[in-house]
Amino acid sequence: MLRKLRKPRLLGAGKDLEKTLASTALVDTNETLSTDIIKNEQKLREIFSNCFDIVFRPITVHGQTRMLLVYVDGLNDIKQLNQVVLKPTMFEGLPEGLGKLERLGEIVEQQLVAVARTKTVMQLSEVVQSVLTANVAILADGESIALIADIKSWAKRAVEEPASEPVVRGPRDGFTETLRTNTSMLRLKVKSPRFKMEAIVVGNVSQTDIVIAYIDGIANESVLEEVRQRVNRIQIDGIIESGYVEEFIEDAPFSPFPTVQNTERPDVVAASLLEGKVAVLIDGTPFALVVPFTFWAALQSAEDYYERFIYATFIRWVRFLLLNMALFLPSLYVAVTTFHPQMIPTNLLLSFAAAREQSPFPAMVEALIMELMFEGLREAGVRLPKAVGSAVSIVGALVIGQAAVQAGIVSAPMVIVVATTGIASFGIPRYNFGIAYRLLRFPMLILAGMFGLFGVTAGALALLIHLVSLRSFGIPYLSPLAPQNRQGIKDIMVRMPRWALHSRPELIVGEDTTRVPKGQKPGPNRGGGT
Amino acid sequence: MKLFRVLVFSLFFCLLLTGCWDRKEINDIAFVLATGIDKESNLYRVTLQIALPGQMGAIGSAGGSGGTGGGKSWLLDSATGNSIRDANQRQQESLSRLLYFSHRRIIVIGENMARAGIEPIIEVISSVPQNRVSSYVLATRGAAKNALNNQTKMEKFPAEKIRKVADIWMNNPPTIKDVANVLQTEGIDLTLPLLAEVKKNQLTPEDVKEYINIDGLAVFKRDKLVGSLEGNQARGILLATNKAETPIVTFRVPQTNGRVSILCRNYKVDLQPTIQNNKINLTINFKADVYVLANESNAALGTGDIIQKIEQAAASEVEKEIQDGVRTLQQKYHSDALGIGDTLYRHNPKVWNRYKDNWDTLYPKIPVKVNALIHIEQTGSLTTPLGPRQGDLSK
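Protein chains in written order, with our numbering: chain S, 1 to 530; chain G, 1001 to 1395.
So here's chain S without its partners, still in its complex pose (with noise of 0.2 Å):
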């Protein structure tokens, strides 16, 4: 019965699909453009019917030859059109220079306004997409043929610091929304022609532009063409955000680990690409994707590769505390001091066992609450406006912290775990690969709970069997540490300085894997100097 019901529905929501599309891109997909620029002009306000945004102006010279012009107010550079197209034509008449013209209509065929961009089409679809993607199209009565001219121009985001990863040393610029910013940013960056970035339309509705970006002969080949039929493969009505591309290319969508990096930062996309990755840039969002993702990428920041060696090489074994630290801290509280109070030193315990003395819970009940209420504080912290967003650390630290303590609800000890822990997992680099041990502490704290100690490496051992079975676009999660890779290890586990790290990572990379080459460590004896 309730399948009866809902085909139909299907059938219809379907049909609306397939009209909407039609509407935009594939509605006269072979429809050429008429030679009569009356019957062009009907079609398109045919299509453009009740599309408040689109401007038809039609220009008429010496009473007879007629040009329209169509585009999109608010994406074009309205001066720049009046200067190359409007006052020309209307005012100067036709070019008397180089090349003289019998008829309006050539300014047309031979593409004459004085546009860096343009191109010719003969298809009404491809003019309707011309003018939806910020193109200006010119029609001419007598041709049929149309001229797209690209004078883009829109109210952008300026260029500014990625708010998501902020670093103390190191470029500033992040991404915007404009993915031709993004792309000039990167291009900025690398200079070279080996640096290729395809284009893909995806999104029937939306027609968002995506690209693809690697260096040829550093990215591996295999990875590329594994990102290129990923992408390809995306069917789906709109794109607004790289989130949307990450989950249909990602390969474990079931686990809590990303297998895709995201950055708002140009100079990690950069730095990735010289790793052989492959970026994966979507108009519309300042998120970039970057494959293959590994666990260790997780785990460092751009200022990693800014500051000195050893400073970066400490702040790494930081992080592989802190991570521990805020997967097991709770689960490992709990299952010490309900299951094996022998194994804390004994003045600890009773100092424990004082805070605990009027508990009405158990430990592992209390340390839920905690942890919930916890990522209940920073889910409110986000989402609130800044205005009223201090309120929440005020009532945060008041209530959880001071008032529920004094009153003998939750114990000391276990606000001191759980506030840690918090700490501890904002201090991994990648936002995201955090929410994944965010998410995991919880499992963890009831297996802490129901078999203590035991519970705890249980969690950890089925973790780590996931991690190792876990690929990334064919890259192994761990590598290179799980298949061990003695120059990989050079940039996990310390971070070597930069003369030092000579092979690109050997699983990643395709072809041109030297980076550095080798004997370049500074000393006073090197050639050069006086």
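The set of hints was computed from the structure by calculation and includes no laboratory data.
All clues given are correct.
So the derived label-pair ranges between C-beta atoms look like this:
id, chain 1, residue 1, chain 2, residue 2, range
1, S, G523, G, N1181, 57 to 65 Å
2, S, T457, G, V1128, 19 to 27 Å
3, S, A199, G, L1017, 50 to 58 Å
4, S, I310, G, N1181, 47 to 55 Å
5, G, K1356, S, M343, 39 to 47 Å
6, G, R1346, S, M343, 33 to 41 Å
All C-beta atoms in this analysis are idealised placements derived from N, C-alpha and C, irrespective of residue type, glycine included.
Knowing the structure of chain S, use the given hints to seat chain G on it.
Frame of chain S; chain G shown alone:
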């Protein structure tokens, strides 16, 4: 496939059914910090010192009724039984929290119990994993239950105090593990630090305070207490067994007019048994690097051969202390606390096998010679004492 999923799910829920079967919340446990064991006629009296976390005045109880209510932060509970376990069972009946022994710091053995033999105690304690074998074992004059009932000011628990005092009094105080080891080994007898209650006058004669402290070594023969060593004799034995913690030796130096105190920083003891004409001799070689702590005499430490004289005087003082202690062990208690038999066995198992059957009669007659070699490393920041004038100095 669907069946498989259902199976996996139901198996997962089986896991949940187990619940938390081993769970012991720390507020359901009574942490035993010390056990005192006495013998009363043929019953064991077990006294437990249990921590009361609620009385510790920690955060969380700040506004509540607990807090620093003035009560002791520990509870003493005593019961008798046919065995130690039996007594514990009696105690558990009246306690609302589960007795938990893995944080026990010390075990105090009362005098009667020690005289009757401590083997059954060690057996019952070391056979249960929850009992930590690293708890210190001490003997006490009189009853153990009294030794545990002694308020301390510096530490929260008497057990903690006694443990720390033992740590300062000697090097590596014996733990259950050590005691069990010694009891298992032939040719060595047990000594334990001996607790005693002492009364000390404070500022005025009326202001007498009772302290519990360690005032000697309890000497055992096999597992039975035979007596005790105090003062210099006890220290002699500690020195000879490498267990004295930074010993300070004070002595007179010939040709001077006062005492000198030295502190043995590093010392080494080596027992050297020799066999001549079927007779066993023992040489104790004692070597120490010392520094002069106090020089009340008129010896000018920086000049002449006075240093050698002090070294010799110190050596003979140490020799005397060790000699004294060993002689008392040999002749009064017949207890081989130094492990001379064991040393002999290590040097020459065949000889030991020959003598071990009548070791008890042989042991008191073994001549023991002590060779002490003292080397003064530092004399402090003063070479000549500040008091005496130049002419009065002895160089």
